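Engineer: Sequence:
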Amino acid sequence: MAGQTVSSDDKALSVTAAPNGALLDLRIAQNPELAARLVELVRQAREGAAANVLGEFRNAIGGQTGHLDTEVSVPAFGTPEPRKPKPVEDEDFSDNSIYRRP
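For the sequence shown, numbering that gives the first Met the number 0 assigns the number 0 to the initial residue and increments by one for each residue that follows.
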């Protein structure tokens, strides 16, 4: 994962952010329920902000949204993005040569 986790010096607080700055995880040693609630509220705020931006964009361009008429969805915190399959490597090098062919 390319995100970053940092902790307070006393390890009482820990925060994990995605590469785009989104909050992925928050841990409060003395109050895990509060941490979970804060993460949920941030998720709701992100979804609301994304919906607001889409609404403003629709207002700006009029009714020509076509393909934008989909539900706004922000990935859940801690949900990893699907990995792209690795390309199959061709290990047959018989068609390659260090010598030029005429």
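To be clear, the hints were calculated from the coordinates, so they are not data collected in a lab.
Since we're looking at a predicted model, the values are computed, not measured.
C-beta: ideal position from N, C-alpha, C; glycine also.
Don't take every hint at face value.
Unchecked claim - Derived Cβ-Cβ restraints for the label pairs, each shown as a range:
hint: 1; residue 1: L12; residue 2: A44; range: 32 to 40 angstroms
hint: 2; residue 1: A50; residue 2: G20; range: 15 to 23 angstroms
hint: 3; residue 1: N51; residue 2: D24; range: 44 to 52 angstroms
hint: 4; residue 1: G54; residue 2: D9; range: 26 to 34 angstroms
hint: 5; residue 1: S13; residue 2: A59; range: 38 to 46 angstroms
hint: 6; residue 1: L33; residue 2: G54; range: 12 to 20 angstroms
hint: 7; residue 1: A11; residue 2: R57; range: 41 to 49 angstroms
hint: 8; residue 1: N19; residue 2: N58; range: 22 to 30 angstroms
Engineer: Now tell me if each hint is right for this structure.
Structural biologist: Comparing the hints with the structure gives:
Between L12 and A44 the beta carbon distance is about 20 angstroms. The supplied range of 32 to 40 angstroms is therefore violated. Separated by about 19 angstroms at the C-beta atoms, A50 and G20 satisfy the suggested range of 15 to 23 angstroms. Checking the proposed 44 to 52 angstroms range against N51 and D24 shows it is violated: the Cβ atoms sit about 25 angstroms from each other. Checked against the hint of 26 to 34 angstroms, the pair G54 and D9 fails, with Cβ atoms roughly 43 angstroms apart.
Distance hint check for S13 and A59: the Cβ-Cβ separation is about 40 angstroms, which falls inside the suggested range of 38 to 46 angstroms. Here the CB-CB span from L33 to G54 is close to 31 angstroms, at odds with the stated 12 to 20 angstroms. In this structure the hint that A11 and R57 lie 41 to 49 angstroms apart at CB holds, the actual value being about 44 angstroms. Between N19 and N58, the C-beta spacing of about 25 angstroms keeps the proposed range 22 to 30 angstroms intact.
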